[in-house]
Amino acid sequence: MTFYVENEVGAEFDFDIEEVARTVSLEVLKEEGCKHEVEISLTITDDEGIREMNREFRGIDKPTDVLSFPNVSYDEPGDFSVIDSEQRVDLYNPDTDCIMFGDIVINEKRVREQAEEYGHSLKREFAFLVAHSMLHLCGYDHMEEDEAAVMEKKQSEVLNKLGITRD
1 MTFYVENEVG AEFDFDIEEV ARTVSLEVLK EEGCKHEVEI SLTITDDEGI
51 REMNREFRGI DKPTDVLSFP NVSYDEPGDF SVIDSEQRVD LYNPDTDCIM
101 FGDIVINEKR VREQAEEYGH SLKREFAFLV AHSMLHLCGY DHMEEDEAAV
151 MEKKQSEVLN KLGITRD
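Take the sequence shown: its position 64, counted from the start at 1, is 64 in our numbering, and no numbers get skipped.
Worth flagging that the hints you see were computed from the coordinates, not collected in a lab.
One or more of the hints may lead you astray.
Taking lysine to aspartate or glutamate and the DMTMM-like style, the derived pairs with C-alpha atoms no more than 20 angstroms apart in a straight line are [to be verified]:
(1) Lys-153 x Asp-167
(2) Lys-109 x Glu-32
(3) Lys-161 x Glu-32
Could you put together the complete structure from these sequences and hints?
So this is what it looks like as C-alpha cells:
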C-alpha cells in the first residue's frame with residue numbers, strides 16, 4: 001500500500017498519524033478481502049478546509065468530521081472484481097504500481113471534540129474516522145438504517161482486532 005499524508009494544519013497528536021492511518025487502512029482492506037495494492041491519500045485539515053470541500057463536492061455548506069472520496073465505482077460494496085474490469089486502466093498508477101483507491105479528509109478539530117464528547121482517546125477517534133472512511137472507499141454507505149448497521153459492525157470489528165477500543 002502506498003499512503004500519502006498531507007497535514008495542512010500541522011496537527012499533532014500523541015500518536016503517529018501515518019502509522020495509525022496505515023494500520024487501520026490495512027486492516028480494513030484485509031477484512032474486506034482486497035488483494036490489490038492500493039494508493040490512499042489522507043489530508044488533515046480544519047473546519048474551514050473541510051467546509052470548503054463539503055460545499056464544493058457535496059453541496060453542504062458546513063464542516064464535518066470526515067470526507068471520503070472513493071475512486072472505485074462498485075456494483076456491490078467490497079466487490080473488488082470491478083477493479084479488474086475496464087476501471088483498472090483509469091485507476092492504475094504506473095508510478096506506484098497501485099490502484100488509486102481514494103482520498104480521506106479528516107478534520108483535526110472534530111477528532112478532538114468527538115474524542116472528548118464520546119469519552120475516549122484521540123487515537124481511538126482518529127482510527128474510527130479512518131476505518132469509517134476506508135469502508136466508504138470500499139463502497140459502503142450509511143444512508144439507510146441497514147447500511148449503517150453493517151458499517152458500524154465492520155468499524156467495530158476492525159478497531160477491536162487492532163485493540164483500539166473506547167477505553
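Against the structure, the hints:
For the hint linking Lys-153 to Asp-167, the alpha-carbon distance of about 18 angstroms falls within 20 angstroms, and the restraint holds. At roughly 29 angstroms between alpha-carbon atoms, Lys-109 and Glu-32 are farther apart than 20 angstroms, so this suggested pair is violated. A distance of roughly 14 angstroms separates the Cα atoms of Lys-161 and Glu-32; the hinted pair therefore holds under the 20 angstroms criterion.
Of the numbered hints given earlier, the model fails hint 2 alone.
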